[in-house]
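Asks: With chain C fixed as given, assemble chains S and U onto it according to the hints.
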Amino acid sequence: MASLTHLLSSRDRIFYDLFESLADTAVRATAHLDEMLAQFPEGRREHFEKITDCEREGDETLHAIRARLNQTFVTPIDREDILALGSALDDIIDFAEEAADYLGLYGIEAPMEQSQRLAGILLACARQVALAVPAIRTLSDPSETIHEIHRLENDGDRVSRDAIAALFHDGIDPMVVIRWKDIYMRLEQGIDACEHVADVIDEIIIKGK
Amino acid sequence: MASLTHLLSSRDRIFYDLFESLADTAVRATAHLDEMLAQFPEGRREHFEKITDCEREGDETLHAIRARLNQTFVTPIDREDILALGSALDDIIDFAEEAADYLGLYGIEAPMEQSQRLAGILLACARQVALAVPAIRTLSDPSETIHEIHRLENDGDRVSRDAIAALFHDGIDPMVVIRWKDIYMRLEQGIDACEHVADVIDEIIIKGK
Amino acid sequence: MASLTHLLSSRDRIFYDLFESLADTAVRATAHLDEMLAQFPEGRREHFEKITDCEREGDETLHAIRARLNQTFVTPIDREDILALGSALDDIIDFAEEAADYLGLYGIEAPMEQSQRLAGILLACARQVALAVPAIRTLSDPSETIHEIHRLENDGDRVSRDAIAALFHDGIDPMVVIRWKDIYMRLEQGIDACEHVADVIDEIIIKGK
Numbered sequence: 003m004a005s006l007t008h009l010l011s012s013r014d015r016i017f018y019d020l021f022e023s024l025a026d027t028a029v030r031a032t033a034h035l036d037e038m039l040a041q042f043p044e045g046r047r048e049h050f051e052k053i054t055d056c057e058r059e060g061d062e063t064l065h066a067i068r069a070r071l072n073q074t075f076v077t078p079i080d081r082e083d084i085l086a087l088g089s090a091l092d093d094i095i096d097f098a099e100e101a102a103d104y105l106g107l108y109g110i111e112a113p114m115e116q117s118q119r120l121a122g123i124l125l126a127c128a129r130q131v132a133l134a135v136p137a138i139r140t141l142s143d144p145s146e147t148i149h150e151i152h153r154l155e156n157d158g159d160r161v162s163r164d165a166i167a168a169l170f171h172d173g174i175d176p177m178v179v180i181r182w183k184d185i186y187m188r189l190e191q192g193i194d195a196c197e198h199v200a201d202v203i204d205e206i207i208i209k210g211k
Numbered sequence: 003m004a005s006l007t008h009l010l011s012s013r014d015r016i017f018y019d020l021f022e023s024l025a026d027t028a029v030r031a032t033a034h035l036d037e038m039l040a041q042f043p044e045g046r047r048e049h050f051e052k053i054t055d056c057e058r059e060g061d062e063t064l065h066a067i068r069a070r071l072n073q074t075f076v077t078p079i080d081r082e083d084i085l086a087l088g089s090a091l092d093d094i095i096d097f098a099e100e101a102a103d104y105l106g107l108y109g110i111e112a113p114m115e116q117s118q119r120l121a122g123i124l125l126a127c128a129r130q131v132a133l134a135v136p137a138i139r140t141l142s143d144p145s146e147t148i149h150e151i152h153r154l155e156n157d158g159d160r161v162s163r164d165a166i167a168a169l170f171h172d173g174i175d176p177m178v179v180i181r182w183k184d185i186y187m188r189l190e191q192g193i194d195a196c197e198h199v200a201d202v203i204d205e206i207i208i209k210g211k
Numbered sequence: 003m004a005s006l007t008h009l010l011s012s013r014d015r016i017f018y019d020l021f022e023s024l025a026d027t028a029v030r031a032t033a034h035l036d037e038m039l040a041q042f043p044e045g046r047r048e049h050f051e052k053i054t055d056c057e058r059e060g061d062e063t064l065h066a067i068r069a070r071l072n073q074t075f076v077t078p079i080d081r082e083d084i085l086a087l088g089s090a091l092d093d094i095i096d097f098a099e100e101a102a103d104y105l106g107l108y109g110i111e112a113p114m115e116q117s118q119r120l121a122g123i124l125l126a127c128a129r130q131v132a133l134a135v136p137a138i139r140t141l142s143d144p145s146e147t148i149h150e151i152h153r154l155e156n157d158g159d160r161v162s163r164d165a166i167a168a169l170f171h172d173g174i175d176p177m178v179v180i181r182w183k184d185i186y187m188r189l190e191q192g193i194d195a196c197e198h199v200a201d202v203i204d205e206i207i208i209k210g211k
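Chains as they are written, first to last, in the numbering used here: chain C, 3 to 211; chain S, 3 to 211; chain U, 3 to 211.
A couple of the hints might just be wrong.
Intra- or inter-copy, both count: the list cannot distinguish identical chains.
Unchecked claim - No more than 16 Å apart at the CA atoms, straight line, and that leaves these computed lysine to aspartate or glutamate pairs for EDC-like: (1) Lys183 <-> Asp159; (2) Lys209 <-> Asp80; (3) Lys209 <-> Glu82; (4) Lys211 <-> Asp103; (5) Lys183 <-> Glu146.
For the record, the hints were derived by calculation from the structure and aren't laboratory data.
Chain C extracted, bound-state conformation:
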């Protein structure tokens, strides 16, 4: 019985390590995006390369989670929750990469101030995610960080709606509107992915108790 417990807890540790690694990659990706927008267009190419590196790392870690899951018949956490948490963490990175890529694809020359604020909120969310993920190991109460993520998401929603309203009130070129609506949307989707991570963590900890 002791050896079974040992076996399970060693299995646990591998999933926990992989989730924490993915959360760490999400923090790095969103930090590069935040800096990229703050200094834009200076260092654009270097920041983008670092973000695509993160995106590749994220894919590899998610692949490792799936591969591990395929070899494991008794998982510490429900299979669905392992897949949902892995995918939601990877989504944060994917949306950061998309936002960064579209800045280039759309030939953006100067960033809107609201995009810089949204990137800051996305980074703050990713940092809270990185604080919440280790709570799964100990089933400790994650409600404070989860509450903070919801607060940040509300902020992001307001900034994003104001940003879109500003695009229309300023009566600028429709091509500018199309570009920025798309970039704002991706930043917001990144923030939503952080909120989704929070919900999955909440659910995992409740079930695990």
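Replies: Frame of chain C, contents of chains S and U only:
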């Protein structure tokens, strides 16, 4: 054994009450949106305030469902289905609120006739949802209302596609096209959320039999 | 015991037949879309009618899967996975139909070359899906076709991003940009649906082993 049955059915009742309350809020939110578009721009602010009240109520009810779920180890309905039904009902309200907010954010002066028709379909869908939700209590056959929701969703899809085609055929300002495509999309997402509620109810009743 | 095994495997066969039929409809729908774009606008109406026929067939097959599921208490595959696979297969057809319909709704006169390439990738993906689905019957290793679908999805992502960048670099009419972004998006969503099918098949085969 009798007391366990009693315990379960008292637990059931709380979830059922919360789902019905959420469906009722969805009907009120979509009714305000329907009136808001019918009388637009008259009473715009008052209607929007009532819709944001509904949005807040919806969030609180969804929170109460989640909190209740966290304290309940044996649920009458699968955990996943409770979360899915709560989220889908709340989505109806969120999309109604977004549609209403964007009418203001985009500085809309006069509503397109098709947006009024879509708001009417959304309200009709929400009313069918409010009829279908109580069927969970008695596991009675919800197929008539579910069928009606699918029929309404098909109507909505056709109205929405025609509305978008009209935007392009009328050769109007691209800024008008961008605004209205966004508002139509949110109305359609509200209708899709109703259809999703119908599918979850169907699944719950099948499993419960 | 032998009769139970027999019973299960006869039940299996019905679901497998329906999934394979749905995959076959997806191949036909995407093949018509590919031809429609290659010959556009010649034969537009005929191709579109065939695609809407496929869309109706897809809905009927999905309905048959759901109806069958409602009568079956012991399913060979998890209920969630049956519903997820059916929906994802139907999504391929729905996005193909939407892309085809929007070509008409938007009054497109000549297709962008990138839309033809994306339609070709979507068709190639659907063909791989049709190869992967029968692997569920025998639980044979689907990794080669799944790998190919992921490779195609990556190609599609690149073509789609380049296509969007081209719309902006060519400095054309914003109405053209709005139209084509929408059509590219639907082609991409069809490809993403194929990738989602691949992930569900992978999960089903792992659990079934």
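Asks: It remains to establish, for every hint, whether it holds in the given structure.
Replies: Taking the hints in turn, this is what the structure says about them:
no. : hint              : in the structure
1   : Lys183 <-> Asp159 : within (13 Å within a copy, 20 Å between copies)
2   : Lys209 <-> Asp80  : both (9 Å within a copy, 13 Å between copies)
3   : Lys209 <-> Glu82  : both (12 Å within a copy, 12 Å between copies)
4   : Lys211 <-> Asp103 : neither (41 Å within a copy, 40 Å between copies)
5   : Lys183 <-> Glu146 : neither (32 Å within a copy, 38 Å between copies)
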